[in-house]
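Asks: These protein sequence lines map, in sequence, to chains A and B.
With the first letter of the first sequence counted as 1, position 17 gets the number 17 in this note's numbering; the numbers rise by one all the way through.
With the first letter of the second sequence counted as 1, position 519 gets the number 1519 in this note's numbering; the numbers rise by one all the way through.
Be aware that a few hints might be false.
Said to hold, decoys possible - A few chain A residues facing chain B, derived, Cβ under 7 Å: (1) P321; (2) Y324; (3) N328.
Read the hints as simulated data drawn from the structure, not as lab findings.
A virtual CB, placed ideally from N, CA and C, is assigned to each residue, including glycine.
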Amino acid sequence: MTKHVVIIGNGISGITAAGSRPNKFGWPGQDMKGVHGMYSKQDLDMLEERTSFIKHGVVVGGGLIGIELAEMLLSRKINVTFLVREESFWNRILPSEESEMINRIIRSHNIDLRLNTELGEIIGNNDGEVTSVITKDDEKIECQFVGLTVGVSPNIEFLTGSGIETDRGVLVNNFLETNAPDVYAIGDCVQHKTPPTGRRNLEQVWYTGRIMGETVAETIAGTRIQYRPGNWFNSAKFFDLEYQTYGIVNAVPGDDEDTLFFKDKKKGYALRLNFLKHNRQLKGVNSLGLRLRHDVIDRWITENVTVDAVLNNLNMALFDPELYSRPNLQNL
Amino acid sequence: MTLTDKHIRYTGKFLFLAGFFLFNLTLFTGRYRITNDTLALSGLNEEMITVLINEIGPLPADDLSKPQIIKITGTAIRKANKLFRQENKSELVVYNVPETVFNISKSGMTGFPERKKELFSLLVFTLTIAGALMIFAGNTEYNKPGIRNNGIFVRPATGRGFAGYALAAYLLLFYTCLYFFPAWITEPVALTDPISMRITGQPAGRWFMYGFLYTVFILVLGIRFIIRYRNNRYQVWRTVSVIFFQTIFAFSIPQILAVLNQPYMDLKNIWPLDYSFFFSYRIGEYINAGTIGYFMIGWGIMLIIIAVPVLTYFFGKRWYCSWVCGCGGLAETAGDPFRHLSDKSLKAWKFERISIYSILVFASVMTAATIASLFLPGSRIFGMPANILQGIYGFLVGAVLAGVAGTVLYPVMGNRVWCRFFCPLAAYLGIVQRFRSRFRITTNGGQCISCGNCSAYCEMGIDVRAYAQKGQNIVRASCVGCGICSAVCPRGVLKLENGPVKERVKINPVLTGNLNDIV
Chain A
1 MTKHVVIIGN
11 GISGITAAGS
21 RPNKFGWPGQ
31 DMKGVHGMYS
41 KQDLDMLEER
51 TSFIKHGVVV
61 GGGLIGIELA
71 EMLLSRKINV
81 TFLVREESFW
91 NRILPSEESE
101 MINRIIRSHN
111 IDLRLNTELG
121 EIIGNNDGEV
131 TSVITKDDEK
141 IECQFVGLTV
151 GVSPNIEFLT
161 GSGIETDRGV
171 LVNNFLETNA
181 PDVYAIGDCV
191 QHKTPPTGRR
201 NLEQVWYTGR
211 IMGETVAETI
221 AGTRIQYRPG
231 NWFNSAKFFD
241 LEYQTYGIVN
251 AVPGDDEDTL
261 FFKDKKKGYA
271 LRLNFLKHNR
281 QLKGVNSLGL
291 RLRHDVIDRW
301 ITENVTVDAV
311 LNNLNMALFD
321 PELYSRPNLQ
331 NL
Chain B
1001 MTLTDKHIRY
1011 TGKFLFLAGF
1021 FLFNLTLFTG
1031 RYRITNDTLA
1041 LSGLNEEMIT
1051 VLINEIGPLP
1061 ADDLSKPQII
1071 KITGTAIRKA
1081 NKLFRQENKS
1091 ELVVYNVPET
1101 VFNISKSGMT
1111 GFPERKKELF
1121 SLLVFTLTIA
1131 GALMIFAGNT
1141 EYNKPGIRNN
1151 GIFVRPATGR
1161 GFAGYALAAY
1171 LLLFYTCLYF
1181 FPAWITEPVA
1191 LTDPISMRIT
1201 GQPAGRWFMY
1211 GFLYTVFILV
1221 LGIRFIIRYR
1231 NNRYQVWRTV
1241 SVIFFQTIFA
1251 FSIPQILAVL
1261 NQPYMDLKNI
1271 WPLDYSFFFS
1281 YRIGEYINAG
1291 TIGYFMIGWG
1301 IMLIIIAVPV
1311 LTYFFGKRWY
1321 CSWVCGCGGL
1331 AETAGDPFRH
1341 LSDKSLKAWK
1351 FERISIYSIL
1361 VFASVMTAAT
1371 IASLFLPGSR
1381 IFGMPANILQ
1391 GIYGFLVGAV
1401 LAGVAGTVLY
1411 PVMGNRVWCR
1421 FFCPLAAYLG
1431 IVQRFRSRFR
1441 ITTNGGQCIS
1451 CGNCSAYCEM
1461 GIDVRAYAQK
1471 GQNIVRASCV
1481 GCGICSAVCP
1491 RGVLKLENGP
1501 VKERVKINPV
1511 LTGNLNDIV
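Full structure from sequences and hints, please.
Replies: In structure tokens, the structure reads:
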């Protein structure tokens, strides 16, 4: 946990950028030796140390950090059991086709992927070191490491009694100001009172932290400006498959939305375009194994271009390295 | 028992090490004799041979060991040289003593492995090549397409551990012998005789052996590179290209030219990397060869004044450095496991800018003196005649920096030490790339997560991430366009592109995703 206080110009401004911490939901044994989140450099150091002598690890939580942690364990030749509460990997965010592609990739790397499976309790030995986990279906899995990757929560405890308003995070207005004068909050610890359009009130993703920092820097340097992130975007890499998303692609399209999904089984890439039924305006894009130009897709979404125009001009948006074959959408 | 990757890998390691052991074993087994015949075979003229035999005294009847023959012939040649100088017969003086000692030793080889040369040559090269290919075939990291660098920073061979330094020490010994004391490696050269005999009908010289090994390295480790980066078509085609230019242009065409009694030329080597292009002996050879020789002079000059600026304008220096060049070819294939060892510090960048352009100036001055001396024999620059400058440049840049340091430092300072700090052609290409080229590496909006893979694997020590974080295009004189930054980026942020010169430098744009104009 880090706290930064910055002093600039005439006044004194405080900025809390206290970050977040891995969630633990009160499982028995969750604080034993060998049970870790994957958040900080210290977590990484502990993981490196622990993986030098263990055989089997269990990763709990089917999100982006979970799959990365599983991949890290594999790189040290450790067998992994991956417990995912949902019926398919990350399917609260990913539509079923994409989610199913990732399930298959996870399994192709010999990870024991357990869908519809929740952690019950963590069992240890007399030294307080983890030896196994028991799932809610009463199955016992021997392991010497448990990775808890079930999301993060803002670090706000240190503000108790400070007079700064908190809820799940540090409450801020559109200028990232807390209720205390000249005290700002940015990054993972923030909870927006009124989030910008199309955004959630807690949004723990790397680039919102950067944009918040840029915003507050501008404000304390003399120009008071609001936090204004543009269209949503994100990216990840699932083993060797790159994923990019732009705009709004919900796991299940809204009633007013329609979707086009292209997939090339041989080359292993996929592209999804979501658009409004009535005027065919582009709402969001998912790509797997295809690199897209952020600027171009962002502009298309902002300018409400139609999905047909997108398909006709897709070459403008491709960002794959040179000499790659262009995706042939007819064959998808 | 089923055959697993592990079995293949271990068998491969065993075969490779066996071949490598045999290769090194030959170094300690050679026996030599000196006779009138072997002296004649070594290419010396009769007067020299007479004086040499005089100096050596009665020719030893027994076979000699390597140190013995090197000592006896070396001493005799130096004494003979002294005698010739006293008698003012400078035309008889042997200037390249190590080469002559090598020639006498090699033509006097006897016993083992000379007698079993064919068999040994076959064994050494089959075992090492087959072993290496089996190691790749059995590497589970290559089972799925996708780049994996697990453990590269901590493994002793690639993380500046004991194995890395041991490899550097071995290479240092090998290269020092190759360039300065070739007689110590007559046996490895002899191992390539069977190949040389089949191609040119002549026994191998040290440069044939080196060219052959160099080509085999690019070919075999190029195959490794292609397997490793097979998910990336840019990487695959680029490697096919360097393999092609090495095997055909650098290795085969010069051999064919030799068979046809034509002057030597590597048609893809460009001045000032090919620093001896304007030397009088080479220009003389070309002129004597007639039409084909004039074509070679014209081709060489065309490469310098047309190909470099025009192709670099359209594609950046990568068209040469990572698609054509032999030094680049070895760096990209054999040097691939070491690319992360390049120094990313600002200090290294500052040193690079001074060193590389100094060498370009040195090469230019030396060449100016050379050309001047072609027209005005006896002319001097800085009080030195051209041949002295040529000698200094050849030793310092040609042998020490390009030959020895460039490769020896792979496991210590990365695979592009020569290209980054010293190569005068890279300096010339870099100036064009920096100021007049359509090439740039573009960054992708706000997608950079600052993971640092790009900077870590940049063999030229460019801090690519610093640009990607700011959304700035990368326009740098040193970038060889290998494309690895783009290949290892997990979020699709980097792309090598050619586009309008005007738009290529972007200073501090607002990253896509922030609607405020904060600039």
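Asks: Against each hint, give a clear statement of whether it holds in the structure.
Replies: Here is what the structure says about each hint:
Given hint, P321(A) at the interface with chain B, holds; its Cβ is 4 Å from that chain's nearest Cβ, closer than 7 Å. The closest approach between the C-beta of Y324(A) and any C-beta of chain B is roughly 5 Å, which is under the 7 Å cut-off, so the hint is satisfied. Proximity of N328(A) to chain B is violated relative to the hint, the smallest CB-CB distance being about 15 Å (cut-off 7 Å).
Comparing the model with each numbered hint stated earlier shows that hint 3 is the single one that does not hold.
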